[in-house]
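Chains as they are written, first to last, in the numbering used here: chain A, 1 to 205; chain B, 206 to 333.
Fair warning: there could be bad hints in the mix.
Claimed, not checked - List of simulated lysine-lysine pairs, DSSO-like, C-alpha gap at most 27 Å:
1) B:K274 to A:K197
2) A:K190 to B:K237
3) B:K327 to B:K315
4) A:K197 to B:K305
5) A:K194 to B:K281
6) B:K296 to A:K194
7) B:K284 to A:K140
Stated by the list, open to error - Over the 10 Å line for every Cβ pair with chain A, so calculated as not near, a few chain B residues:
8) R232
9) K281
10) R295
11) A330
12) S331
13) L332
Hints listed in this document are in silico derivations from the structure and should not be mistaken for laboratory results.
In this text, a Cβ means the ideal position worked out from N, Cα and C, and glycines have one as well.
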Amino acid sequence: MKQFKDPFEAAFEEQEESPPESPSPADEFNPQPSAAPADTVPVQEEDDLIAPSTSALFPASAAAAAAKPKDEEDEEEEENMEVELAKLPSGGDPHKMVKMQAILSQFTEEQMNRYESFRRSGFQKATMKRLLTSVTGSQKISMPMTIVMSGIAKMFVGELIETARIVMAERNESGPIRPCHIREAYRRLKLEGKVPKRTVPRLFR
Amino acid sequence: MNTASGALAKAKAGASQPSENTTKRKRGIFQKELQHMMYGFGDDPNPLPETVALVEDIVVEYVTDFAHKAQEIGSKRGKLSVEDFLYLVRKDPPKLNRCKELLSMQEELKQARKAFDVDEEKLAASLD
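Same shape as in the complex, but just chain A (with noise of 0.2 Å):
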């Protein structure tokens, strides 16, 4: 599967051997070979943070980092921060990313690969956004708005496709997962509760 098309892959390889403070203003000022459109400066995006209950079942995601919630100011900045540098975690525990990167330096090439989608998935703010307003009406929809609904989006994929990988085990069944997994992974979480109920019962399925 191909890669992410992104201009600062390059810049997260060498974010790999020493991972940065977080952007000060003098940092941002960096210029990038393929630029982000002519009238935003690429800023350098702080990636996520694992989050410090890190349970198997609920890694962090990867979200794109936000954009001004000034909705007049979105549009631009959406451009931009759909390009993501992928940065170490810091979390500003010393400890932490100490044993993350020790983790980190273990890991196999196919570990390294599944890691960085993990990290740099997400879902296009545009798109949620525009979901959201469909799904709401005429509301509007505030950029922290999309952002926690893209993030939280993402932590159930995840819990999707984890237990769907455990129904896969019970089954002892390989290879890629059906949707025959899925399928009981979303009973099993409709049974614990992850899952948000219709008030309303949905007709004409």
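Chain B: place on chain A using the hints.
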């Protein structure tokens, strides 16, 4: 299971306001991202298309139901706000923590960008 018609019916049933662009939901709006995401979470490097389609349907339904619930909560206070979303995940610590993390990151970036914009103006002014 006929997911294609199910998807359309879902969109119609889910949209609270019938307008041109909400009565139909195009197939595979999240397809590309979902493929990467599913791989990241443990699926094959090339997930089966039917699996991706099913996950997309489930995610859209999840977001729809979630947003509707948030709206129900939000309507009591007037406008829909982020707080309503956070309220809905209050019993799910990993999700709640993640949301708080994302929000504070966004705030941090916003501040950093503001400072940067100011610097850029100063730079531009000094070059004149």
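- request: Evaluate the condition: distance from the CB of B:S331 to the nearest CB of chain A exceeds 10 Å.
  value: holds, 14 Å
message: For A:K190 and B:K237, compute the direct alpha-carbon distance and say whether it is at most 27 Å.
response: holds, 26 Å
message: Tell me if the straight-line CA distance from B:K296 to A:K194 falls inside 27 Å.
response: holds, 10 Å
message: If we take the beta carbon of B:L332, is the closest beta carbon in chain A still more than 10 Å away?
response: holds, 14 Å
field: Hinted pair A:K197 and B:K305, Cα distance within 27 Å
entry: Holds. A:K197 to B:K305 sits at ~24 Å (cutoff 27 Å).
- prompt: So is B:R232 really clear of chain A, every C-beta pair being over 10 Å apart?
  reply: At roughly 13 Å from the nearest Cβ of chain A, B:R232 sits farther out than 10 Å, so the non-interface label holds.
- request: With a cut-off of 27 Å on the C-alpha distance, tell me whether B:K284 and A:K140 pass.
  value: holds, 9 Å
message: Run the distance test for B:K274 versus A:K197: straight-line Cα separation, threshold 27 Å.
response: holds, 9 Å
message: Over 10 Å from every CB of chain A: does B:A330 meet that, or does the non-interface label fail?
response: holds, 16 Å
query: Beyond 10 Å from chain A, beta-carbon-wise, is B:K281?
result: It holds; B:K281 is separated from chain A by about 14 Å at its closest Cβ, greater than 10 Å.
query: B:R295 clear of chain A by more than 10 Å, beta carbon to beta carbon?
result: holds, 12 Å
task: Could you grab the alpha-carbon distance between A:K194 and B:K281 and see if it respects the 27 Å cut-off?
output: holds, 24 Å
Of the numbered hints listed earlier, not one is contradicted by the structure.
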